[in-house]
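Chemist: Add chain C to chain H, keeping to what the hints say.
Taken in order, these protein sequences are the chains called H and C. The letter at position 225 of the first sequence is residue 225 when you use this note's numbering, and the numbering goes up by one with no holes. The letter at position 1 of the second sequence is residue 1 when you use this note's numbering, and the numbering goes up by one with no holes.
There may be inaccurate statements among the hints.
To be verified - Chain H is faced by these chain C residues, among others (derived, beta-carbon under 7 Å):
| # | residue |
| --- | --- |
| 1 | 65 |
| 2 | 231 |
| 3 | 235 |
| 4 | 238 |
It should be emphasised that the hints constitute simulated quantities derived from the structure, not laboratory data. Small disclaimer: the values here were computed from a predicted structure and weren't measured. By construction, the Cβ of each residue, glycine as well, lies at the ideal position given by its N, Cα and C atoms.
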Amino acid sequence: MQLALVGLNHKTAPVEIRERLAFSSDALRSALASLVGREQVNEAIILSTCNRVEVVAESSDDRLIREFLCEFHQIPHDSISKHLYSFRNVDAIRHVFRVTASLDSMVVGEPQILGQVKEAYRIAADAGTVGMHLTALMNRAFAVAKRVRSETGISQSAVSVSYAAVELARKIFGDLSGKTVMIIGASKMGELAAKHLRRAGVSSVLVTNRTFERAVELAQVFEGAAVPFEHFADHMLGADIVITSTGAPHFIIGKNLAEQIIHRRKNRPMFFIDIAVPRDIDPGVNEIDNAFLYDIDDLQQVIDTNLKERLKESMRAEEIIDHEVESFCLKMKGREVVPTIIELRDSLEKLRRDEIERNRRHLKNLSPEQQAALDQITKAIVNKILHSPIEQLKQVAHDPQGADLADLIRKIFNIKPQ
Amino acid sequence: MHVVLLRLALGLYSLGFAHSVLTALKKKQTLFGPALAAMSVGFALHVASIAIRAVDVHYLPLTQRYEGFSFFGALATLGFLIAYAKYRIAPLSVFAFPLIFVMTFVANLFYDPSASIPPVLRSNWLYIHTPLVFLGYAALFFAFAAAIMYLIQERALKSKHPTRFYNWLPSLDICDDLAYKSLAIGFPLITLGIITGALWAQAVWGVWARDAKVLFSFLTWLVYMLLIFYRLIAGWRGRKAAYLYIVGFIGVLVTFLSANYFGGLHTF
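For reference, chain H alone in the conformation it holds in the complex (with noise of 0.2 Å):
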């Protein structure tokens, strides 16, 4: 097998190359097609993300993958080359599985990759330009990605302020439905804090805003209520989450305040996301029982915390890929038909000249000429023995059963790929 990878990401080139080389998805299944339709070019995958296009052949030769995109995107090789790179066999393999295990990433352990890669395989079967050997390649970087996922922490916490909100809300409630969320103020971040709360599963919203328009504008957004400013305190009641952005000068919620509502909730829990710069809540509200008060900086905090443990746990994502890429190396090669041959002639022929070696010395008294009797007989066994099974190798030497029958020859012989 033998593979070329060519391709660009966020590392490499700026959006601009980047969004001339990308492929719309309407044009994919074309160029697959004129990609596969090219000499020496035998199966291919094109994935292309708003971070980076990649294009995966079974080809000898990566200037072909180069020749093809600045062919299809008519753009000169001078003015992309510095931003593409280019990876053989093993490199390529590698690069494929850190791809797909989401190593590679701007925001490494982001979980969309997999899924990206995933739909980029599925076009290239549909359009019938990937083979055993990419499907092998393919299924196996699944693979790896799931194990990376499961075995290493690099996907496990929140790398954003909306995330580290919603995750920081379950682990206050628990599950999040028939929960309250209540926005004070109407900032663009306090709406996606919110936004992604309610995906998250919190049923009910409320609203309000010095400007009572605004919050009946926003409240639409989220299916939820608007509630006058002047008594918001009123509604907070109901509110088990609480998130203030006001450009209010002074605190707006104080200790006081927060103490008399949670007394009032008969202490059942609240968490206060306070995003204003200056801040709205008093930071003497975290230190009552039952309130959970998080401002920008203390979101920042667990963001920078989670990046570090992400970062840790690449290095050990890291291990399982070199180990991962080894293996499967050592796999594909034992799949291939000329190998297969030399190996299984070599290992047979070893097992002759062992056998008369071990026997040396019964045969001490034959006459030369009977010792090279001895070695001619054997000889022509051992290929009497291996005629067939390497002219059948031969026969099915370019088709794709031709790896499985050179699995099954090497599992019978018991030949280890070197």
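Modeler: Just chain C now, kept in the frame of chain H:
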């Protein structure tokens, strides 16, 4: 035969114990799958051991000291398996497995093959009073473990420094729920346990107040009573409630061990 089974169960429980120690040391869940499997098989053997003993001696084996520990160990395992089936809280194992291991270990340590029932215990009350108390204790142990998890998780959330434990421990809501439900099961059981104990004592001795175990169990009962009372009246939960769960369980431990150290009527 029942001893062999008990020892086998102990061997399997030791794997659970190893899981707890490693998890606490490495601050990362270690060997949970194998440990859970070992505990389940161990539990089956443990139950078989108790059943065989019961058939041998023709009564529920609770009278010897080792039988008591063994019975309690089996109840704790059952409690864990039920709680795990309902909540899927793996971290609970870190608390439960060592307890189960120690109880079963002590049972093995005190093993005494004689089947004689101490004369003072020859009463049908034995089969009512003791299981009630033991079941209650097992439930209160899980309330205690949940309260500890609550405090660790609450501290992580308040300090704003997420740790590995933070990701691994269940949410505050689940800790609270587990603690309260365990209390709701355990409290009636120990209440009935105390009442049956009182009736039994009345029948045998006529008086029962001058026993250390009786005194401590009453104090413990008051702590739990307080906890339930405030929960119903003022929705008490959170940190303060967690502390009371822990105080209550310390009371349980003192009660459990008191008979042998302070003397009194429960020493046999």
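Chemist: Give a verdict on every hint.
Modeler: Against the structure, the hints come out as follows:
no., hint, verdict
1, 65, "violated, 41 Å"
2, 231, "violated, 9 Å"
3, 235, "holds, 3 Å"
4, 238, "holds, 4 Å"
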